[in-house]
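Asks: Chains A and B supply the protein sequences, listed in that same order. Here the first sequence stands for residues 3 to 290, where the numbers follow the numbering used here. Here the second sequence stands for residues 29 to 287, where the numbers follow the numbering used here.
If you are wondering where the hints come from, they were derived from the structure by calculation, not from laboratory data. Don't take each hint at face value.
In silico DSSO-like cross-links for lysine-lysine, where the CA-CA straight-line distance does not exceed 30 Å [to be verified]:
#1 Lys275(A) x Lys259(A)
#2 Lys73(B) x Lys82(A)
#3 Lys164(A) x Lys47(B)
#4 Lys259(A) x Lys277(A)
With the C-beta cut set under 10 Å, the calculated list includes, among others, these residues of chain B facing chain A [unchecked claim]:
#5 Glu42
#6 Leu43
#7 Val51
#8 Ala57
#9 Glu107
#10 Phe146
#11 Gly210
#12 Thr262
Each residue gets a CB set at the ideal place from its N, CA and C atoms; glycine is no exception.
The lines below spell out each chain.
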Amino acid sequence: MKASPYLVLALMLAVCFTLASSLEPNAALWSNRAKSNNVFSLLFGDGRRMFANEFFTMADVYFHSGYYPSIFDLREEGTKEIVAESHGHTDSPEDELKEDFLGRPKDWIDRFGRHFRITEHTHLEHSHEREILPWLRLAADMDPQMIETYTVGAYFLCQHLKQPQEAEAFLHEGLRNNPGNYEILFGLGRLYYQNYHDIDRARNVWQLALNCWMKQDSALQKENKLGFEEITVNLASLEREAGNYQDAINWFQAAQKVSPAPDALQQQIDEIKVKIAAQPSPTNSQPH
Amino acid sequence: MNTIWALAGIVIKELYRRKDFYVLFVLTALITIATGMVNFFNDPKIVRYVKDICLLLIWISALLIAIVTTARQIPAERESRTIFPLLAKPVTRWQVILGKFLGCWLATGIALFVFYLFFAVITGSREQHWPWLTYLQAIWLQWAMLAVVIALSLLGSIISAAPSSTTTICFIAVAGILLVGGHLNTVALHQSQPLQTIFYTIYFLIPHLEWFDIRDRVIYDWGLVDWLDCVLATLYAAAYTGLFLLLTWFGFRRKSLNT
């Protein structure tokens, strides 16, 4: 039996790939170089960033269980739904209609072919959200400066999979790669507030996030108003819970300046004012 | 019929004597196991990416086995001049075509069964869930699709003398149909004449192999395809297979066998 050189080469490539994937975690400990670089940056250099967006899209494809438009389907390029979900957005009936990229079958081939395809718009739930994580991990490895990877990954780890420690580690990794990024700091603050119920730490981190947001140039500030609103509204909610009503009002008023729905925030301010008014005044209270 | 089975038996023996299948299987197994061993966020229940990668490798391997095995059948017989004693048996040219087709199709089916068994063991051990009927549908539809591919490769091997060029052309054609075939109607809508008519003609002429790809249903646990649709798809594949075999026979019956 004579082995074909191409087949032997293919087998050797498979062995190399297996060894590389199993040795890579340990190899990180062997040299100082690995402290700043992962296997992808060593292999692909800066070219790896091209793949990061593809992997992030794959996470969105998995989130939709395969119901996803191809490059041939005409659809407006908007925010990915995993990103929208991490910002607390849920689909309205109009959104659902927009996402029906298939439309009516064009002919009998198209109609029959749909019996084999996925034609239903769903989102992962009941902890199946974990399936998007490998793609987010790969996207982060490919492009450590892609902020959305960390914030989306941490959101799903915390809110859906109840793994706050993993989320915290992922956000810290993001912060090491992107020092002073307000979005990651906001995610970290949310984790301390919602999962650890550590109000002081959450307040400090969110205030740091706000400072980082302020340090951006005015053009970026205009572009990232949503970030400012998210931080200030969450700070306001935190202060309200802590009983610091005046601070809460101040944060809500700051949020009103950029919010697309200032009336809803005004309603919250009014509610706090009612609470303040209902509180007994310290001068009138009788010492026991 | 015995002659056809005898010819098919030789092709099946060739599959396990050659190393193509073993190398592709080891390659698939190694890559799947390696990717399955990667730890993502300390969550051992993540499984869909393993299914995705394993099924992709199975599809590529099965296509390679089917096209490469088929493309060399008749050229190899002509090259080694064994085609002459074979046709002197007496075996008709139609029986040679059918025997070669059946052998390649059964050999690919055996390979496919081994691949899917590995897939079921690997994914089942991780998610503790074995949807056998879905796997059965996936194998059957893929095997039906491979019948069309094998018949197409056999036709290619009659037209082109070199197996390498047949393999390359068939692989490009099949990959093109799988990736773009189903979207040609959408592309045609945005073209001006006469391109629109050309795209539509191609769209209605090509065998729509993408129907038989139900990997997404397996990966995302979407459940079974309606059995009636499976039967109709099988008939569709059988029609195209028959057409390609007929064209192969037309070509082969007039072909001079001297190299």
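Asks: Taking the hints in turn, state whether each one holds.
Replies: Tested hints:
no. : hint                  : result
1   : Lys275(A) x Lys259(A) : holds (19 Å)
2   : Lys73(B) x Lys82(A)   : holds (25 Å)
3   : Lys164(A) x Lys47(B)  : violated (48 Å)
4   : Lys259(A) x Lys277(A) : holds (23 Å)
5   : Glu42                 : violated (13 Å)
6   : Leu43                 : violated (14 Å)
7   : Val51                 : holds (4 Å)
8   : Ala57                 : holds (9 Å)
9   : Glu107                : violated (17 Å)
10  : Phe146                : violated (14 Å)
11  : Gly210                : holds (6 Å)
12  : Thr262                : violated (12 Å)
Consistency with the previously given hints fails for numbers 3, 5, 6, 9, 10, 12, ordered from lowest to highest.
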